[in-house]
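In order, the protein sequence lines correspond to chains A, B and C. Heads up: the first sequence begins at 1 in my numbering, then just goes up one per residue. Heads up: the second sequence begins at 380 in my numbering, then just goes up one per residue. Heads up: the third sequence begins at 698 in my numbering, then just goes up one per residue.
Because the hints were derived from the structure by calculation, they are not lab data. We put the beta carbon where it would ideally sit given N, CA and C, even for glycine. Treat each hint with caution, since some may be false.
Said to hold, decoys possible - Partial pick of chain C residues on the chain B-facing surface, computed with a CB cut under 10 Å:
1. 777
2. 807
3. 823
4. 824
5. 827
6. 879
7. 882
8. 970
9. 982
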Amino acid sequence: MNFKVIHFIIAAVSLLFSANAFAAAPIKIGALFAVTGPAAFLGEPERNSAKMVIDEINKAGGVKGRKLELVVYDTAGDATKAVQLATKLIKDDKVVAIIGPSTTGETMAVIPVAEKEQIPLISCSAGSKITDPVKKWVFKTAQNDALAVGRIYEFLQKTKQTNVSILTVSDGFGASGREQLKNQAAKYGITIVSDDTYGPKDTDMTAQLTKIRGTHAQAIICWGTNPGPAVVAKNVRQLGIKTPLFMSHGVSSKKFIELAGEAAEGVRLPSGKVLVCDLLPNSESQKKSLMLFVKDYQKHYKAEGDHFGGHAWDAVMLLRNAIEQGADTPVAIRDQLEKTKNFCGIGGTFTYSPQDHAGLGKDAFVLVEIKNKDWVVVK
Amino acid sequence: MKKDLLLFTGFSTLVMLAPQLFSGGYLMNVLVFVGINTMLAIALNLLLGYAGQISLGHAGFFGLGAYLSGILTTTYSLNPWVAMPTAAIVVGFLAGIIGFPILKLKGHYLAMATLGLGIIIFIVFNETVELTGGPSGLSGIPNLKLAGISFDSDVKNYYLIWGFTLAVMLFSLNLSNSRIGRALRAVHDSEVAAQVLGVNARLLKVQIFALSAVISSLAGSLYAHTMTFVSPASFGFNFSIELLTMVVIGGLGSIYGSFLGAALLTLLPEFLRGANDYDIIIYGGLLMVMVMYMPGGLVRGIPALFRKIVVKGKAGNA
Amino acid sequence: MQFDQILQYVLSGLSTGAIYALIGIGFSIIYNATGIINFAQGEFVMLGGLLTLSCLELLKLPLWAAIPCAIAVSTVVGILFERLAIRPLKQPTPINLVIITIGGSILIRGLAMLVWGKDTHAIPPFSGDTPIAIGGATILPQHLWILAITLIIILINKVYFYHTISGKAMRACSYNRRAAGLVGIDVRRMVLFSFIISSAMGAVAGIIVAPLTMIAYDVGVMLGLKGFCAAIIGGMSSGVSTVIGGLILGVLESLGAGLISSGYKDAIAFIILLLILFIRPQGLFGKADSERV
Chain A
1 MNFKVIHFII AAVSLLFSAN AFAAAPIKIG ALFAVTGPAA FLGEPERNSA
51 KMVIDEINKA GGVKGRKLEL VVYDTAGDAT KAVQLATKLI KDDKVVAIIG
101 PSTTGETMAV IPVAEKEQIP LISCSAGSKI TDPVKKWVFK TAQNDALAVG
151 RIYEFLQKTK QTNVSILTVS DGFGASGREQ LKNQAAKYGI TIVSDDTYGP
201 KDTDMTAQLT KIRGTHAQAI ICWGTNPGPA VVAKNVRQLG IKTPLFMSHG
251 VSSKKFIELA GEAAEGVRLP SGKVLVCDLL PNSESQKKSL MLFVKDYQKH
301 YKAEGDHFGG HAWDAVMLLR NAIEQGADTP VAIRDQLEKT KNFCGIGGTF
351 TYSPQDHAGL GKDAFVLVEI KNKDWVVVK
Chain B
380 MKKDLLLFTG FSTLVMLAPQ LFSGGYLMNV LVFVGINTML AIALNLLLGY
430 AGQISLGHAG FFGLGAYLSG ILTTTYSLNP WVAMPTAAIV VGFLAGIIGF
480 PILKLKGHYL AMATLGLGII IFIVFNETVE LTGGPSGLSG IPNLKLAGIS
530 FDSDVKNYYL IWGFTLAVML FSLNLSNSRI GRALRAVHDS EVAAQVLGVN
580 ARLLKVQIFA LSAVISSLAG SLYAHTMTFV SPASFGFNFS IELLTMVVIG
630 GLGSIYGSFL GAALLTLLPE FLRGANDYDI IIYGGLLMVM VMYMPGGLVR
680 GIPALFRKIV VKGKAGNA
Chain C
698 MQFDQILQYV LSGLSTGAIY ALIGIGFSII YNATGIINFA QGEFVMLGGL
748 LTLSCLELLK LPLWAAIPCA IAVSTVVGIL FERLAIRPLK QPTPINLVII
798 TIGGSILIRG LAMLVWGKDT HAIPPFSGDT PIAIGGATIL PQHLWILAIT
848 LIIILINKVY FYHTISGKAM RACSYNRRAA GLVGIDVRRM VLFSFIISSA
898 MGAVAGIIVA PLTMIAYDVG VMLGLKGFCA AIIGGMSSGV STVIGGLILG
948 VLESLGAGLI SSGYKDAIAF IILLLILFIR PQGLFGKADS ERV
């Protein structure tokens, strides 16, 4: 091995880095999203939203005169890759904070890295265990599954439909929902009469639904992300089941209505407010953020912004606010994030504290019903 | 023999010096995974390249090792150094039992049966939520510790993993040059002929299947203790296929080939990262081109390519 | 357990099984003509569905025109695949062929992702979606389409393989390629033919299932895997036994999900398959043949 060559390379590389440091260096923010793979429905809008909002911030002159730079990597929904890329962001790209990953499994895998390297992590995934117990360096913007489940159960309790069948997808999203559905049932006086699952790539759920039809369920709750729930809705219709069908916030986008077609009518689901933002009263504190997000997303991507993208939007805005308070090192950013109070984002109104790194209250979700291929808020 | 020893010594020296060349950084982390994948590729190569038996379910054994280690050290607070061999013994035992009926099958029936086995194991990881944490995974697995050193950084893990990988390589090199290795090759060429010559082909196949499973399980345990987190998604059908690809791209029946294949397929996504969504296309295309132009794998293809260039170069000079 | 519940499980299982069967036959045809297990077979299913979608939405074709159009384009992809990847292979060992088809499937999937994006798309059913009641169970008109088209394809296959010259030639290749070559059969052409037939058939499968299951760039993997299993249970035949293989797989899954556990339904199906293979290592329908030394 020729050591001279290696020395030369090392010298050249270090020169490159130091040259960078002399210029008015942008603040580097890392992002890990599952842009491809089974969780692409989360990762793609998240990446788009994060890029969009960083662009908008830089166009407006950056934060305190410094530009923000976003380094995005695609994890493909794989926990191993997520950990590798988190290390890459921290060691090679030297980011001050990380946004993402998109799924709970990946986030749980990345947490030890963030904690050890002391880099703030703002996860965009929903699992309650991410911030419970509280970890010093880990925050999240996605609403807890527990809140979505609570919203459905409240409604069921009110309408006295207490026998429910649950049908969840066997991936991280479904497993987390299933756990919450089971844990919270007793609190709302709800009995789970059957508990079934389906595979993320399954194309026919009539077997599970036939079984459910044989129980005395007064409501069916399906917990999954497209396209599974659309198949479930179609199968429910095929089997002539009249029991009311509830879905998770995992399908709260127009895509679900498009896929399920006629079968989507009458389906109820908890959703972030972004879906119904134009129906909200002007007094609603989140309305300004929501309208801005939807408008920007439409402008940049000619598509409907959904609340998954909103998680990334919130994360970037939270970071921006922290940086605006003068924080530009990981430690300072973390401390500032923890002081966030009443930030009105897409997912809800965030207030972090040393005891709470999830920061959202129950009002983050509204229950909507699909009527005439559109959303109606259920009172 | 001497040449083999020299090659191995050279290779291990290079491996041990590598951290000095690429001090720290993210590359270290990738090289840790190259080590783990090399171990897995060798395990599969022993079965496929030496004994001629295909397996489309090796990710299952890898996952079993990882999960057994993970569960024993978290739920039952066992010492990782005890959990690792325990996992390996359990997996080897299971593979031995299932090996008898499965290895009776041939050709695509064997492919299908091992594929089914892998899928069944994957489903068990997903469904036994109380034990494995289900699809959300199992976290909080402790790092390995040795003489006061906790293997919790990439550089430390590098030495740990590569220590094991080199041991597995040395063992496999010896195996292929031993009586068993020759018997295996005989089974590969013609099972009936080998049997006529007094080789108990059936037992030998089961033994190598179990051995291959044990090495995979060991790699799985090491993976669990370096990642400190496992989830079912890492052990699916796709990973079994990726392992198969590593072995074939590297070169069937060659231990160093397995290293080359594992290194290429682990490093490739890193280089393709800049290509964004196009990476999957380049990846697929490269696989095809490799098989087309280096049908014997990298280990035979690179020297051939080298000779071609040198010969052409000389011809040009003359 | 009520009778109409069981009936529903069986009916659901049969209709999913028919899809597996169609894909499985595609596997078998190529395998018999070439000895290749074509792991890209599932991607033609995906192409069929997505191309139909494009014909309907972009070209605004009516359904009856969109379908042949989609089949034609998928077949062209099949031809290109054989010409560019399979034929130039210098060392066509079975294992190299497996890897090249895996590479091909990744490539086709990646291109589809670029063309159609990552979203799932819906395709309207051929003739409405008013459920049809049979006993206490219900099926959709689309299920009838699937069963009917599977039946028609088996019949066409039968006629082709037993009553036409090129079909007989292809069968000859499957028994002994070298001997087939010696009697003057152009083996390479037969290989190309087998790719044409099976890519077209994959596309048909994709088109008829898309209204039920919806379609996205990555549906080929799982469907391909299930089709592969159907083909193997059927002993890699291109006829009735692969269809039976597919139907068995579909019904096992459905009964497993309904009667035992929905989470373990695929595992149940595979355990039963493994047991079948352990008892009959030569496959469900194969005759035990003695090995030549």
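Structure-based check of each hint:
At a threshold of 10 Å, the smallest CB-CB gap from residue 777 of chain C to chain B is about 12 Å, leaving the interface hint violated. For residue 807 of chain C, the interface hint holds, since its Cβ comes within 10 Å of a Cβ in chain B; the closest pair sits about 4 Å apart. A least Cβ separation of about 32 Å between residue 823 of chain C and chain B goes past the 10 Å threshold, and the interface hint is therefore violated. Because the closest C-beta pair between residue 824 of chain C and chain B is about 35 Å apart, greater than 10 Å, the hint is violated.
Given hint, residue 827 of chain C at the interface with chain B, is violated; its Cβ is 36 Å from that chain's nearest Cβ, farther than 10 Å. Given the 10 Å rule on beta carbons, the hint for residue 879 of chain C is violated: about 24 Å separates it from the nearest Cβ of chain B. With its C-beta approaching chain B no nearer than about 24 Å, residue 882 of chain C sits outside the 10 Å limit, and its interface hint is violated. Given hint, residue 970 of chain C at the interface with chain B, holds; its Cβ is 6 Å from that chain's nearest Cβ, closer than 10 Å.
Evaluation of the residue 982 of chain C hint against chain B yields a violated restraint, the C-beta minimum of about 12 Å exceeding 10 Å.
When held up to the earlier numbered hints, the structure conflicts with 1, 3, 4, 5, 6, 7, 9 and fits the remainder.
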